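Enquirer: Start from chain A and add chains B and C according to the hints.
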Amino acid sequence: MLALMQTEWFKLRKSKISFIILAGPFIAFLGGLTVDFTEADAPGVEWYLILLATNLAYALLFLPLISGVLASTICRYEHQEGGWKQLLALPVTRGKVFLSKYLLLMAIVLVIQLLYLAALYSVGLIKGVTEPFPLTIIWKSVLGGWVATLPLVALQLWLSILFKSYAAPLTVNVVFTLPAVLAINSERFGPYYPWAQPFSMMYISGDPNDLFFVPWEQLLTVVGGSFVIFYLMGWVYFQRKAI
Amino acid sequence: MEYIVETKNATKNFGKEKAVVGLDLQIPKGEIYGFLGPNGSGKTTTIRMLLGLMKPTFGSVRIFGKDIKKEKIEILKRVGSLVENPSYYPHLTAYENLETSRKILGVPKKRIHEVLAIVRLSDAANKKVKGFSLGMKQRLGIAAALLHQPDLLILDEPTNGLDPSGIIEIRELIKRLPKETGMTILLSSHLLAEIDQMATTVGILRKGELIFQDSIETMRMYAKQTISLNVSSSEKAWRSLLAKGIKAEFEKGTILLSERSNEKVAQAVSSLVQDGFSVYRVQEEKKSLEDIFLQMTKEEQAV
Amino acid sequence: MMGRLMQAEFIKIKRKGFWFLAFLGALGVVAMQMVNYGVRKDYLFTQSEDRWGYYLMNIHSFTPLAIVLGIVILTSFLSSVENETNAWKQIIALPVSKRMVYLAKFTVLAIVLFISSFLMGIFTLLYGLYLGLGEAIPSADLMQYSFYPYFASLAVLAFQLWVATVSQNQAIPITIGVVGVIFAYSASVLPDWMIWKWPSLMNEWNDPMINVWWGLGAGALLYLAGMLDFTRRDVK
Chain A
0 MLALMQTEWF
10 KLRKSKISFI
20 ILAGPFIAFL
30 GGLTVDFTEA
40 DAPGVEWYLI
50 LLATNLAYAL
60 LFLPLISGVL
70 ASTICRYEHQ
80 EGGWKQLLAL
90 PVTRGKVFLS
100 KYLLLMAIVL
110 VIQLLYLAAL
120 YSVGLIKGVT
130 EPFPLTIIWK
140 SVLGGWVATL
150 PLVALQLWLS
160 ILFKSYAAPL
170 TVNVVFTLPA
180 VLAINSERFG
190 PYYPWAQPFS
200 MMYISGDPND
210 LFFVPWEQLL
220 TVVGGSFVIF
230 YLMGWVYFQR
240 KAI
Chain B
0 MEYIVETKNA
10 TKNFGKEKAV
20 VGLDLQIPKG
30 EIYGFLGPNG
40 SGKTTTIRML
50 LGLMKPTFGS
60 VRIFGKDIKK
70 EKIEILKRVG
80 SLVENPSYYP
90 HLTAYENLET
100 SRKILGVPKK
110 RIHEVLAIVR
120 LSDAANKKVK
130 GFSLGMKQRL
140 GIAAALLHQP
150 DLLILDEPTN
160 GLDPSGIIEI
170 RELIKRLPKE
180 TGMTILLSSH
190 LLAEIDQMAT
200 TVGILRKGEL
210 IFQDSIETMR
220 MYAKQTISLN
230 VSSSEKAWRS
240 LLAKGIKAEF
250 EKGTILLSER
260 SNEKVAQAVS
270 SLVQDGFSVY
280 RVQEEKKSLE
290 DIFLQMTKEE
300 QAV
Chain C
0 MMGRLMQAEF
10 IKIKRKGFWF
20 LAFLGALGVV
30 AMQMVNYGVR
40 KDYLFTQSED
50 RWGYYLMNIH
60 SFTPLAIVLG
70 IVILTSFLSS
80 VENETNAWKQ
90 IIALPVSKRM
100 VYLAKFTVLA
110 IVLFISSFLM
120 GIFTLLYGLY
130 LGLGEAIPSA
140 DLMQYSFYPY
150 FASLAVLAFQ
160 LWVATVSQNQ
170 AIPITIGVVG
180 VIFAYSASVL
190 PDWMIWKWPS
200 LMNEWNDPMI
210 NVWWGLGAGA
220 LLYLAGMLDF
230 TRRDVK
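Protein chains in written order, with numbering that gives the first Met the number 0: chain A, 0 to 242; chain B, 0 to 302; chain C, 0 to 235.
Next comes chain A alone, as it looks inside the complex (with noise of 0.2 angstroms):
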């Protein structure tokens, strides 16, 4: 499992990987800019402003977005010549490949979560901003944008692994992604809409008891209901997949 994990970001690395990872921080970093702390009408929120600003349009859009794409690149070179073929005549299951792939993917997920971190905290640096940081309620929107990609990743995977090209899969993510810009308005519809998640996740709201923004119950239905069955799909997929 670990060498198939391996192998795998082997040959991704060598997939202009860097460039997709910085485009989430390069966001983040230049939304983080045109914040305007005069507007701020209490002390001690200028991280908050940074968090805010940013949020929007990084954990509505962008992160469902470029979770399809790196699904996409982790496939593309697979599809390309035979790659699929020759993987899967090695002495591996193909549920491994898939969970080998999956695991990857979150990983790096989860390097862009922490990436995006650290372009907020460089935009406070380069802001002068004084206040310490938030530092555990900041993890908990990371930590908990990183956890609601889950099953979008998963059925990203899935849909790449079904498409050969890059356009398919992403037609499909937009297609569910865009109305989650009119769902996180509705207090009916958005607690149960997937592509949703990430933003409610990273959004600072809620019980400042739970572990995440969201309700447990919302997190364990709404993430993981939506995760095991993307997850299952994708599995059975590939396993019925003629190469």
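Please keep in mind that the hints were generated in silico from the structure rather than gathered at the bench.
Here the structure is a predicted model, which means the values were calculated and not measured.
There is no bait here: all hints are sound.
Only pairs whose alpha carbons sit at most 30 angstroms apart, straight line, appear in this in silico DSSO-like list of lysine-lysine: (1) B/K108 to A/K84; (2) B/K54 to A/K95; (3) A/K15 to C/K15; (4) A/K84 to B/K129; (5) A/K240 to B/K17; (6) B/K206 to A/K240.
From the structure, some residues in chain B lie toward chain A, with a derived Cβ separation under 7 angstroms: (7) L52; (8) I72; (9) L75; (10) K76; (11) V82; (12) S86; (13) Y87; (14) P89; (15) L91; (16) S100; (17) I103.
Derived CB-CB ranges, DEER-like: (18) C/Y129 to A/L219: 34 to 44 angstroms; (19) A/R12 to C/S138: 54 to 64 angstroms; (20) C/S138 to A/K240: 50 to 60 angstroms; (21) B/L190 to A/K240: 26 to 36 angstroms; (22) B/G21 to A/K95: 30 to 40 angstroms; (23) B/G160 to C/I121: 48 to 58 angstroms; (24) C/F146 to A/F9: 45 to 55 angstroms; (25) A/S17 to C/V34: 36 to 46 angstroms; (26) A/K240 to C/M142: 40 to 50 angstroms; (27) B/E16 to A/W215: 45 to 55 angstroms.
Idealized CB from N, CA, C, for every residue including glycine.
Expert: Leaving out everything else, chains B and C in the frame of chain A:
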């Protein structure tokens, strides 16, 4: 008899289309098994089933006596393969391509250099495969198949698209391997001459059915070449040969000698010359794969 | 020559879902408001006296996103048709200039997007009528919200096509495209010179027409730059 590969009634349908029908392959240990058939006869589909890339619609596939359905991983640990066009990652170098498989197979790094040397690609180890010629890609594919010193090597059309020197090189390599390592090789091709030069056992596939499976010697009986003679007043000449007890047939104005040894041919020619016939041409007539098919199916029907 | 090249392009995009995407994008933007108005029509009606104007504004809040995303997807589709099949060398080997090939691709995309904008206009009108927003249909505004974003986004189209045709690895144009989508979404805080802001029709003078001219002007320049770069490069 120990069979390395044994399929029973293996069948693969794609929807209504029957790709492979009731296949009973039997490949003995240490043989170079030539898998012969025209393009589209189901060779690649069969090979994909042997590798577990596709599941048979019904029937069983056993390799090393194990069922591919149940012990795929155990089997694949001992199998190396090159299916159809060579598979590779264009953005990686030759060395890196092998590294992706090596990690999974868990063999030592020095093995990469060894297999690159076997296929004579050591000089190109650090070049991206994108820029390789077809022959080099093919050799890289074989190198990848040899990485873990497999007991069974499956090569699908390994000389397809290669230039003559590339073909000879691969041919020598394939003949060398069983002698040096005792491995069994399954080799597919649509060219009779190719199988004839490498294989020790032959299976012939036609429209998804195995119509022949036996030693190369038995196949050669079918593929037997004949000597044809173009001579003046051919029918008369033919009768004169028969009169002297030389076996021959007469077909469309040419004489066909059944015996092909140098002696017999010389004897026939000299006899014709002595009798005053002019000998224009002496030719060896090769049978095409299609001729052999016809002959095999004809004899099958006769039986 | 151009005509035949474009016919060839249209044949190649057959069954690739191009027309479906054009339709889906147009419908999607309006469908978003169908859901919005379907769920809280009464509330939205209280938001403004000018119901048509408010409705068109709601529609327009998604149009820039949809156009920029559509451009990213279509350009990537178009170049993957060539990259997957290694067909570049085949077209380039035909007795046509590479400039013509590039122009044909650009024109095909521009046509598909135009049709999509046109469809969106029709869907917008139809659903507006269904909602019963009032007797007076603001046809000038309807035209403006349907077609201005299209012309304003030609610069993005020219830019994406350039990046997509010269990239071997489609991950790069797509990642750039996703970043562009984020820009389009954040249009209100973007400086006026950024091409991704233009489809929003915002600028400091509050004159949408300016964005149309910019889209056409910068679109032409970026088109030329992309074409020259494409002609200069070797075909792999």
